[in-house]
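Take the sequences, apply the hints, and build the full model.
Just so you know, the sequences run in chain order A and B.
To convert, count from 1 in the first sequence and add 247; that's this note's numbering.
To convert, count from 1 in the second sequence and add 11; that's this note's numbering.
Everything hinted at is true.
Derived DEER-like restraints, expressed as beta-carbon distance ranges: (1) P13(B) <-> H275(A): 30 to 40 angstroms; (2) V279(B) <-> K379(A): 47 to 57 angstroms; (3) H275(A) <-> V279(B): 25 to 35 angstroms; (4) G315(A) <-> R268(B): 32 to 42 angstroms; (5) E267(A) <-> Y251(B): 52 to 62 angstroms; (6) D274(B) <-> G394(A): 51 to 61 angstroms; (7) P80(B) <-> G394(A): 57 to 67 angstroms; (8) R64(B) <-> K379(A): 42 to 52 angstroms; (9) R309(A) <-> I380(B): 14 to 24 angstroms.
Derived by calculation from the structure, the hints in this document are not laboratory data.
Every residue gets a Cβ at the ideal spot worked out from N, C-alpha and C, and that includes glycine.
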Amino acid sequence: MITQAFSPLPDPKATLSILEGSILRLPHRINTDQIYSGRYLSVRFHDEMAKHVFENLDPGMRSKIKPGTIILAGRNFGCGSSRSQAVTGLKYAGIAAIVAVSFARLYFRNCINQGMPVIVCPEAYELLQEGKMARIDLVGGSIRSDGFTVRFALYPISC
Amino acid sequence: MPGTFAEKLLALKASRAQVCAGEIVRVSPDRVVSVGAATALVISLFRELGVDRVWDPSRIVLILDHETPAQTISDANAHKMVRKFVKEQDIAHFFDVGEGICHQLMVERGLVVPSDLILGKDSHTTTYGAIGAFSTPVDATEMACLWATGETWLRVPESMRIDLIGELPAGVSGKDLILYLLGRLTAEGAVYMSLEFHGPGVAHLSVGDRMTVANMSVEMGAKNCVFFVDPITVSFMERYSNEPYTRIVPDPGATYREVLQVDVGSLVPQVACPHEVDNVRDIGMVEGLSVDQVFIGSCTNGRFEDLVMAADLLRGKHVDSGVRLIIAPGSRQIYAEAAKAGLIEIFLNAGALILPPGCGPCFGSHSGILGDGERCVATTNRNFRGRMGNPDSEVYLASPATAAASALTGQISDPRNFLGRSNLGG
Numbered sequence: 248m249i250t251q252a253f254s255p256l257p258d259p260k261a262t263l264s265i266l267e268g269s270i271l272r273l274p275h276r277i278n279t280d281q282i283y284s285g286r287y288l289s290v291r292f293h294d295e296m297a298k299h300v301f302e303n304l305d306p307g308m309r310s311k312i313k314p315g316t317i318i319l320a321g322r323n324f325g326c327g328s329s330r331s332q333a334v335t336g337l338k339y340a341g342i343a344a345i346v347a348v349s350f351a352r353l354y355f356r357n358c359i360n361q362g363m364p365v366i367v368c369p370e371a372y373e374l375l376q377e378g379k380m381a382r383i384d385l386v387g388g389s390i391r392s393d394g395f396t397v398r399f400a401l402y403p404i405s406c
Numbered sequence: 012m013p014g015t016f017a018e019k020l021l022a023l024k025a026s027r028a029q030v031c032a033g034e035i036v037r038v039s040p041d042r043v044v045s046v047g048a049a050t051a052l053v054i055s056l057f058r059e060l061g062v063d064r065v066w067d068p069s070r071i072v073l074i075l076d077h078e079t080p081a082q083t084i085s086d087a088n089a090h091k092m093v094r095k096f097v098k099e100q101d102i103a104h105f106f107d108v109g110e111g112i113c114h115q116l117m118v119e120r121g122l123v124v125p126s127d128l129i130l131g132k133d134s135h136t137t138t139y140g141a142i143g144a145f146s147t148p149v150d151a152t153e154m155a156c157l158w159a160t161g162e163t164w165l166r167v168p169e170s171m172r173i174d175l176i177g178e179l180p181a182g183v184s185g186k187d188l189i190l191y192l193l194g195r196l197t198a199e200g201a202v203y204m205s206l207e208f209h210g211p212g213v214a215h216l217s218v219g220d221r222m223t224v225a226n227m228s229v230e231m232g233a234k235n236c237v238f239f240v241d242p243i244t245v246s247f248m249e250r251y252s253n254e255p256y257t258r259i260v261p262d263p264g265a266t267y268r269e270v271l272q273v274d275v276g277s278l279v280p281q282v283a284c285p286h287e288v289d290n291v292r293d294i295g296m297v298e299g300l301s302v303d304q305v306f307i308g309s310c311t312n313g314r315f316e317d318l319v320m321a322a323d324l325l326r327g328k329h330v331d332s333g334v335r336l337i338i339a340p341g342s343r344q345i346y347a348e349a350a351k352a353g354l355i356e357i358f359l360n361a362g363a364l365i366l367p368p369g370c371g372p373c374f375g376s377h378s379g380i381l382g383d384g385e386r387c388v389a390t391t392n393r394n395f396r397g398r399m400g401n402p403d404s405e406v407y408l409a410s411p412a413t414a415a416a417s418a419l420t421g422q423i424s425d426p427r428n429f430l431g432r433s434n435l436g437g
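Structure follows, in structure tokens:
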């Protein structure tokens, strides 16, 4: 469901459920080797993990991530290995949430276990643009960006 | 209401009369398995929980397989930390470097039996569905909590049924079947689902073939994959385990999200091309591409029968001068059997390099990293960009027979062209 200029009143108790940041758009089917290379699996410090994210995908990608950046990904985000560093690395690089058309099962579960907000929302991928600011209401189930508001189903979804 | 395998098994494990797809259940796994240097991370997370003792040391399995032996100070220290933890917590089942790959060892050492619920730290934990278990991967944080509590939640998955008919032709194996399915269903084709194999074709698949299929079912996104206990499973279990086990089969009339039929008799050798596991082609479409390295091994294809398949082609021959052939047996036991059967001698005479039992170059951390622009044919499970350590290289996934044929010619080759000169597929 897509509604333009939808602006619900925020629940005062839910202020922590509001996330704001710029959008980093990624293609469909980003796998865990692209998110975090197997070369760095023995790294144990979170800040060090954060330095190597997306190296196999595009070495220039890391510099686009700022604290609060929201990943907007396509289908089957996080397919591949069970490596928890592919979540930890993104978390410590500053990623605030991952919105995707769909997630690989294990990656989705890893995100829940590590406290990374994961949102299934195909409409967001159709409408929202790279580099624009977005505001996610985790309790209300909406994402606003550049005049668009898209809604997503709340948890539990599937794992 | 008739239940699928997943519904019936998870109901049993959750002590419920019945559960349905979509429900979330609390379960206590029969065993949990953590592997490689990454286990040091699980230990750190476990310490953070502030729990002194693990829930049940007899149900925790720790295996050092990914870095065999340690190649860096960091890995060596991680391994050291795991060994210390094993002693401190009296972990009953620990396998140090050189014993083999986790998925092979779990089955070979009788640590999993049909209808077990196994949760593992490695994504290819789906492998044990080959003998009728329900097994699925979890991450490091969840593994740490499982060590502490012995409990977690699982969503009961929807199921997909694949009916197999026919018999694999000579030169075609379980690897070609799973690659074919990946090409047909795609890497998203079974996301969140339980994959059940039915039909008369199953009776012609060895436990090894079933392990290869179940192993790579996770590449289609499956939560688990299962082959039901049949006479082949029973005789396999007699060899590897004395544990009693129950048999769970789905009820007639169970609900499936999707049902499809595959005539395995019509399959030809399959190859997954860079850089996606579902970029699958018939061998004829990629034959002739030059190859720099060939790797035979991994949890997907490092079993004795895989080595036999390769040796049948390599016997009395030498690999092409432009090719490095690397072979890693899946376990110490397989290595010993291969030596006894003369396979190791065949490999050495063919110019192969033999690695210790373990994961080898599959995931790109050591031993066999590719140079810029190089191409590898591997019997492994993933060909993502950079998977074998170098983003500027290519990995083609194939069966042990296709890999051996390609090593001999220096180009991707159809193993069926070598039929008649060997007893391949017999």
